[in-house]
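As given, the protein sequences belong to chains A and B, one line each in that order.
Numbering of the first sequence is given in our numbering, commencing with residue 1 and proceeding in unit increments.
Numbering of the second sequence is given in our numbering, commencing with residue 112 and proceeding in unit increments.
These are calculated hints, taken from the structure and not from any lab test.
Any given hint might turn out to be false.
[Said to hold, decoys possible] No more than 35 angstroms apart at the CA atoms, straight line, and that leaves these computed lysine-lysine pairs for DSBU-like: (1) A:K81 x B:K114; (2) A:K106 x A:K68; (3) A:K103 x B:K182; (4) A:K110 x B:K114; (5) B:K181 x B:K114; (6) B:K164 x B:K129; (7) B:K166 x B:K129; (8) B:K166 x B:K114; (9) B:K168 x B:K129; (10) B:K129 x A:K106; (11) A:K106 x B:K168; (12) A:K57 x B:K114; (13) B:K114 x A:K103; (14) B:K129 x A:K103; (15) B:K124 x B:K164; (16) B:K182 x B:K129; (17) A:K103 x B:K168; (18) B:K182 x B:K168; (19) A:K106 x B:K166; (20) B:K124 x B:K168; (21) B:K166 x B:K181; (22) B:K166 x A:K103; (23) A:K103 x B:K181; (24) B:K182 x B:K166; (25) B:K114 x A:K76; (26) A:K103 x B:K124; (27) B:K124 x A:K106; (28) A:K110 x A:K68; (29) B:K168 x A:K68; (30) B:K114 x A:K106; (31) B:K182 x B:K114; (32) B:K164 x B:K182; (33) B:K182 x A:K57; (34) B:K164 x A:K103; (35) A:K81 x B:K124.
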Amino acid sequence: GQNIDQPTEMTATEGAIVQINCTYQTSGFNGLFWYQQHAGEAPTFLSYNVLDGLEEKGRFSSFLSRSKGYSYLLLKELQMKDSASYLCAVKEGGSQGNLIFGKGTKLSVKP
Amino acid sequence: DVKVTQSSRYLVKRTGEKVFLECVQDMDHENMFWYRQDPGLGLRLIYFSYDVKMKEKGDIPEGYSVSREKKERFSLILESASTNQTSMYLCASFTSGQGLQETQYFGPGTRLLVL
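Taking the hints into account, I'd like the entire structure generated from these sequences.
Have a look at this one:
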C-alpha cells in the first residue's frame, strides 16, 4: 500500500538546526517534494529530490535515499517565521503529477 | 509566476445546498487537482483532471463532482452539502514535462463551513 510517515509535531529553538524526517512506501517513485504551509494558508513549494543525495537551497536542505525510502528536510538558523507545517509528498509516477502527501509535521520555533 | 486563484477564501452554506468552488490557473497547465485538508488527516485528493472534459476520481470522491469545460478552470461541486464536508479545500495545478523543477502550485484555499 501507500504510506508516508512523518512526525506529527516538533519544537526547536530560534537559531538552532532541526531535521524533519519522512519515510515512504509507495508503489512507484518519481520524486519527493517538501512543502511549507503556514496556518490558514496554502502549501508553498520548498524542494524537490528525485536522485539520491542532498539538495541545498539557502537555509533549507533536503536529502533523499531511494533505497531506504527516506528523506529529510534540514532547516538551519531557525527563525520564528519558520513556525509552520512541513509536508512531505511523493510523486508515484506518470505525467499527471499526482502526489501522495504525508500528514505534515507542525514545527514550533521558540525564542 | 504561476497563479492559481480560488473564487472564495471563506464560505458558509447550509446543509443540502448545492455548492460551487471555482479554481482558475493562468499558466496553461494541463493537470488540475482538488484536495481537502482536515486536521490530523492531511491533504486528501478528491478529483483531478488531466485535460479539458477529462476527470478522474481521487481517494475521496463521494459527495463531490467536478467540471472542466475550459483548460484554465476546474470546478468542484458539492451536490448537497453536508456538515462532514466542512473543511479547507485546496486547488492545485501542474504541468507535465517541466523536468526537475516540476511541482504542484496551490491556490490560497477555500475554508467552507456547512451548517
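Unmet hints by their number, sorted upward, for this structure: none
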